[in-house]
Structures are given as structure tokens and as C-alpha cells.
Amino acid sequence: MSAPAAVPLLTTPLNALHTELGARMVPFAGYSMPVQYPSGLMAEHQHTRQAAGLFDVSHMGQLKLVGPDAAAAFESLMPVDVIDLPVGKQRYGLLLNDAGGIIDDLMFFRVAQSEIFVIVNGACKVGDIAHIQARIGQRCEVIPMPDQALLALQGPQAVTALSRLAPGIEKLVFMTGGNYTIAGCDCFVTRSGYTGEDGFEISVPAAQADTLARALLAQPEVKPIGLGARNSLRLEAGLCLYGNDIDTTTTPVEAAIGWALQKVRRTGGARAGGFPGADTVLAQLDNPASLTRKRVGLIALERVPVREHTELHSLDGQKIGEVTSGLLGPTIDKPVAMGYVLPAHAALGTRVNAIVRGKAVPMEVSAMPFVPTNYFRG
Amino acid sequence: MTIKFSKDHEWINAADANAAVVGITVHAQDALGDVVFVDLPEVGALFAQGEVAGVVESVKAAADVYMPVAGEIVEVNEALRADPSLANSDPLNTGWFFKVKLSDASQLDALLDEATYADFAKNA
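Heads up: the sequence lines are chains A and B, in that order.
Our numbering numbers the first residue of the first sequence as 1 and each following residue consecutively.
Our numbering numbers the first residue of the second sequence as 1 and each following residue consecutively.
You may find that some hints are simply not true.
[Stated by the list, open to error] Below, simulated EDC-like cross-link-like pairs (lysine to aspartate or glutamate); rule was C-alpha separation at most 20 Å, straight line: (1) 359/A x 39/B; (2) 122/B x 30/B; (3) 334/A x 8/B.
[Said to hold, decoys possible] If you want the footprint, here are the derived chain B segments under chain A, 3+ residues with CB under 8 Å: (4) 9–15; (5) 28–36.
Because the hints were derived from the structure by calculation, they are not lab data.
No residue lacks a Cβ here, since even glycine has one placed at the ideal position from N, Cα and C.
Isolated chain B, as found in the complex (with noise of 0.2 Å):
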């Protein structure tokens, strides 16, 4: 299972469709700079495919998270919300946001594979 981009500028690793995980890419870590706090959702929570279940804000702006497909809150990271500074160190990996259980896997299908995300935010 491959990594998968939004044009919101979100990660999602479905490896595991019950527990999918969801971050911000490395070009919104860095075009927010250093990010001092994260809104996470509640495990349990529903969204639809588009929806915000989450804040992300630097010193000087805040930005929401989007959810790249529906789904359930399974899991929140919190160490991302005790040290919001992961998701500028290792935004790929420690900085994850949250895991969802998918509610419909082939929503994967539309979104970006890496070289297309990397197109995508390399003008965006």
C-alpha cells in the first residue's frame, strides 16, 4: 500500500483500511511554519470526505484538516497535541494526525499518487 496525497495538502497511509493514517504533507508544514498547535477530533467521530476534523496553526496562521476520505476516528496522536512541533520535524511519520476506519476504500483512488502531489504543490 502506497501513501496517498489531497490537494489539501493532507497524507493518508491505508495500509490498514480500519485504522487509514492521516497527516499534513511537508510542503503545509512548511508553508505554515512552526506549527505551536493542533485541533485533533474526537475518537468516534464521523466525517464525510471534505470535512474539517481539525486545526493546525503556526505562530502566525491557522489552517484546517480536511478529511481525504470518510470515515470514523479510530485514533488521535497525542503526542502531536503535547508537541505540535512534530509535525514540522517528522511530518510523515511522528507527526501523524489521526487514524480512520475507511467507509469507502475506493475514495483512495481519486486522490494524488506522490509524483502527482508533488506536481500539484510544487505550484500550488
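Chain A on its own, in the form it takes in the complex (with noise of 0.2 Å):
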């Protein structure tokens, strides 16, 4: 994921208070972004699923598709529902190539009929932009926001420390949104995330953002978070990396993130199809025994991690699959890990052996997310 060597690493806007908080820097989509802070990823990881973190996510990538026809557009490139989606209310949605691979996974909000607010990867973002321009860009405006930053205050507490700042935002529910003056900075706000937990995220003009962040981390809730602890907080919660998890090359099905395809678009539905990649797409959802490999969660028995290209076999010595992405869990107290297997392997309960360093370390098929959610559906 690092830049090449020769390029020089962009900053975020919060580049300044990183270095102040003493956060060690690491390159991560072409960005200088903070893995952790002095307080260490355990520690980070347990304060946001206790009380509230705050994340500096501004290398994601932000845009607007707007035009009467933007949802319809959109929707074009998506195996989800985007016409349906009412105002006010954002949904996790993939952008798929023509054999159904994954481009890159994202999130959209219905600003309006005629708008939409998107978030995509950061490392992915050029791309995305491209093909979304390349796609539809004579149906819509597609109008990238690089002078937007990106804040995300996640846990249990986010919103005791955002409403005191924004009183009246606790009313907003999971994956919904709007616009909001915090710490006099002009914010638009949805309440959701990528860790498992209630909270927030936090697009801002990149001016303001430093003076967000500060009047967050004077909350007495709030501690900053580094991206390791971003990366266990979502893996316990089951959530896919772009790039490890989910990729071109995988299929929403295999991936089994199927329950982010609404009925509509699937066969027998109103708008069933007319999205790249459909007729491989709907026939594994049709036909689940074409599938070839599924993505599991699995849990380690014993305390080994397992961590991402670990390869996995079968009870009698067969390779079955690999691990995309693998740690020990801080909440759960577990080695967690997800990864595909073939579909023979992927009933909840097998037991298959992870190969570490040459010794199986017995492996469980197990639901995800590992650890319970905690958003809030009002």
C-alpha cells in the first residue's frame, strides 16, 4: 500500500497535530498518516470500544455526482439501490468491473434527489474517480472534493462529547446525516463508521479541520487513534480492507457481502441487473454451488496469530485457502482472522488448520462480526 519510494508522501490537513501529539507516521495510500500514537494500538483500540476515538481518515477520498439522473447513473455501476435511497440516508455500496470483481467498496449519502455524497478508499480514490467520470460523467457532474477533510469519532461516547459541541446531532440515527456548525466549523455529519461502534464521521474543509479536531480532543471523552487500531477495530467487526478482503479479482458473493445487494437489483427484482459484472454476479447469487471460494471469519484455538497470506488446510492436509487479513483481537482476546476458503470449508463450525511457520494452529469457522456492534438505530 506504501507510494513508491520517489514519490513524496501527501500530507493530511492534520499533519501539524499529529507530529504535536507524537503519533509515529507510516506511508498508507500515498499519504503520512499516523499507525499509532504514544499511547499504543491496545490501548487505542480498548479506548474507543470504552469511550470515544478520534480518527484522522482525510486520505479517504470524498465526491458529488449531481444531476436529475445522478442516482439513476450511479446506480448503473453499483449492484445496490441508489434510487431508492431517501434523502438524508446513506448506504454502503461496491463499484464492480465487468467480471463482477470488486473496484473498490465505498460509502454514498442522498444529499439530495439530484445529489449524492460519496466516500471512497484512499488509495483507490484516483481510480474510482476516473471510472466514475469515464462511466458516467455525461449523466452527471461528478465534482471531486480535495479540500475536504475527513474525521471520524467513533465509541460508545462519540455522542456525549459531539452533542455538547453540536447539541441536538444525538438525534441522528445509524447511516444517517446532515449538516452541523461544531466549534464553529461548517460540517456535514454521518452517524456511522468502520469500527463496530456507535459514532461518527466528520466531513469538514480541510482550513477548518485542525480546528475541529482540537475542539474534539478537548472533549474528555476523546483520544486520538492511529490507523493499527482502525485496523483491529474493523476486522473484529467484520468489516472488509480494500486490498486485503475484498479486491478486482473477488465478487461481492464470494466475498459474502451479499446482504449489501437490496433485492431489487438481484433476479425477479424491479431493476434486477444493468450493473457491470451482473451476469456473473446474479448467477453465483442464483447458483450458490457455482461458487469457488467464500470469505469466513475464523477464530484461532490457540493463541496464535494468523495473520494475512497464511495459507489454510484441511483437516487431512489439503490447502483449501488463504488468510486476507489476521491479528490477535484486543476485545475479543483472540487471534481473529478472515479469509477465504472453498465453499465445502466455509459452514460455521469446520475446523481447518492454519499453517504458521510450518505447524497447524487449528482454526474455526465462526461468525462475524467477532465482537457485537454497538451502532444506534434510534
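Got two chains here, separate frames each, mind docking them using the hints?
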């Protein structure tokens, strides 16, 4: 994921603050990003699960699609229902290639009937914007928003901290949002995130990001959290990391994110198909026996971390798959992983072996999330 | 007998050449972050200098533990296996990894002394 050495790293609008806070900076998606602060990954992870953590995710891509045909146009790129998403609501989406592989996963928000706000992965944003522009640039305006920073405030006390600065914001429920003035900053806020916890994502003009971040960090519940804990939090929540768990070679059905494909776009639905790779994806949905692999959650039965690219074997020693993300989950306090296995080994409770440094570590196919989610649904 | 350091960020205290103590340095544990797992060698195993004898893992990364000198493993730190965070909280004492019977004590001479290692780690 790191940028080629010759390319200087970009910085986010919070770069000076990260340095001031003593962050350890690493290259990620072409940016210099905080991987952890002095308290360390474990403490940061636990703080987010127990109180509230502030994440700088300004490397992510933000853009707007504007025009009367924007929703229908965007829907033509994804296997999800865009057209019927009500104004004021947010949804998870997937850009697919013509083979049904995942170009990126994203969040989109219906700002108005003719305006959609989209947040995509940092490492994919240049390609995503080019793809969207090329495919639907004739049908709606595609407006990148490079001058917006993005902060995430996550954890059970995020609402306490944020509503102190923006009374009324506690009324938002999961996957809704709106405009708020917070500490004098012009914010667009959604109640969502990528940790499995209740929380908010806040889009703010880059020039105001430092002011907003300092105002949030001044709240007693809030501490800064790095990308390291973001990764362990999202994995415990069973959420995919693009580039590890999903990529252009995996379809949404193989990736077990069929829940993101609403009925209206499936076979028999009013707007079935009509997205890139529809033939492949719908055939897999209609005939699960045709799948050659499936993403599953795994918990190790011994206290040995099982990391990405670790081979998975059946109990009789055949290679059946590979781990795509894995670590010792700080909250569940067990080694957890996700990976792809042959469908015959994908049922919950199936025992497999991970081959770690030549030794078999027993694992069990397990339900995700590994840690119960804590979303606020009102 | 003073403590010597390797460029792989291990320390070795060879006060007893039949049971020299090996661990990871303060710099190494700081770079790794919170240690959650250690894989220790078998007692009786023989290793050449520079061979991988163990593994130390934090939530975010795994790192090999190399043999700073050749020898036979005579004891491993079961307390560390049970509580890997000792590698963070007390890396130079109770967070030791294993003890080794030296095959060739002269290999110690090529290792770094504390001041040289401190300079090396600063630029690592």
C-alpha cells in the first residue's frame, strides 16, 4: 500500500497536529498517516471500544455526483439500490468491474434528490473518480472534493462528546446525517463509521480541520487513534479492508457481502441487473453451488496470531484457502482472521488448520462480527 | 561481563557462557508496539548464529528473533510465553526470551557494546 519511494508522501490537514501529539507516521495510500500515538495500539483500541476515539481519515476520497440523473447513473455502476435511497440516508456500495470484481467499496449519502455524496478508499480514489467520470460523466456532474478533510469520531461516548459541541446531533440514527456547525466549523456529519461502534464521520473543509480536531480532542472522552487500531477495530467488526479482503479479483458473492445487494437489483427484482458484471454476480447469487471460494471469519483455537497470506488447510492436509486479514483481536482477546476457503469448508463451526511457520494452528470458521456491533438505530 | 547487542535488536548477557540470556532491546519492543505473542524455540535445539530462533508479534506486526550467537537452547522463558507484555514492560530483565549454551564465545566480540548499539538504533 505504500507509495513508491520516488513519490513524496502527501500529508493531511492534521499533519502538524499528529506530530504535536507524538504520532508514529507511516506511508499509507500515498499519505503520511498516524499508525499510532504514544499510548499505543492496544490502549487506543480499548479506548475506542470504551469511550471515544478520533481518527484522521482525510486520505479517503470525497466526491459529489450532481444532476437529475445522478442516482440512476450511479446505480448503473453498482449492484445496490441507489434510486430508492431516501434523502438524508446513507448506504454501503460497491463499484464493480465488468467481471463482477470489486473496484472499491464505498459509502454514499443522498444529500438531495439530485445530489449524492460519496466517500471512497484513499488508495483507490484516483482510479474510482476516473472510472466514475468515464462511465457516467455524461449523465451527471462528477465533482471531486479534495479540499475536504474527513474525521471519524467512534465509540460509545462519541455521541456524548459530539452533542456537547453540537446539541441535537444525538438525534441522528445509524446511516443518517446532515449539516452541523461544530466549534465554528462547517461540518457534514453522518452517524456511521468503520469500527463496529456507534460514532460519526465528519467531512469538514481542510482549512477548518485542525480547529475541529482540537475541539474534539478537548472533550474528556476523546483520544486520538491511529490506523493500527482502526485496522484491529474493523477486523473485530468483521468489516473488509479493501486490498486485503476484497479486490478486483473477488466478487461480492465470494466476499459474502451479498447483504449489500438489495432485492430490487437481484434476479426477479424490479431493476434486476444492469450493473457491471451482473451476469457473473447474479449467476453466483442464484446458484451458490457454482462458487469456488467464500470469505469466512476464523477464530484460532490456540493463542497464535494468524496473519494475511497464511495458508489454510483442511484437517486432512489439503490446501483449501488463504487468510486475507488476521491479528490478535484486542477486545475478543483471541486471534481472529478472515480469509477465503473452498465452499465445502465455509460452514460455521468447520475446523481448519492455518499453517503458521510450518506448524498447524487449529481454527474454527466463525460468525462475524467477532465483537458485537454497537450501532445506534434509535 | 557486560551486555552485548546485535544489529537485529537483540541483547545477550553471557555472564554464564553455559546459559547466556537473550532478549529483545528497548528499541525493538518500542518499534513493534504492544507484544501479544512470542514463539520460543525448543529446549535442546541447536542454532547457527543469525538463524531464526523465535518470533515476537504485536497486534500490527510479526518479527523474527535471531540467534545473536551460535549455540544450544538450554531454557526458555515460560513467564514470557504466558505474558508476552513482559517484552514491553521489562525487556531487559523479566522479559528475556531464552538462554543459550554458547558454541563459540568469540562470536560475542563482534557484537555491539551498549554505546555503539545506542548509536545504531538511533539511526535504525
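Against the structure, the hints:
At roughly 11 Å between alpha-carbon atoms, residue 359/A and residue 39/B fall within 20 Å of each other, so this suggested pair holds. As the CA atoms of residue 122/B and residue 30/B are separated by approximately 12 Å, the hinted pair is consistent with the 20 Å bound. Distance hint between residue 334/A and residue 8/B is unfulfilled; the C-alpha atoms sit about 29 Å from each other, more than 20 Å. Chain A is given as covering the segment 9–15 of chain B, and this is violated because 0 residues of the stretch bring a CB closer than 8 Å to a CB of that chain, at least three being needed.
With 3 residues carrying a beta carbon less than 8 Å from a beta carbon of chain A, the segment 28–36 of chain B meets the three-residue requirement, and the given coverage holds.
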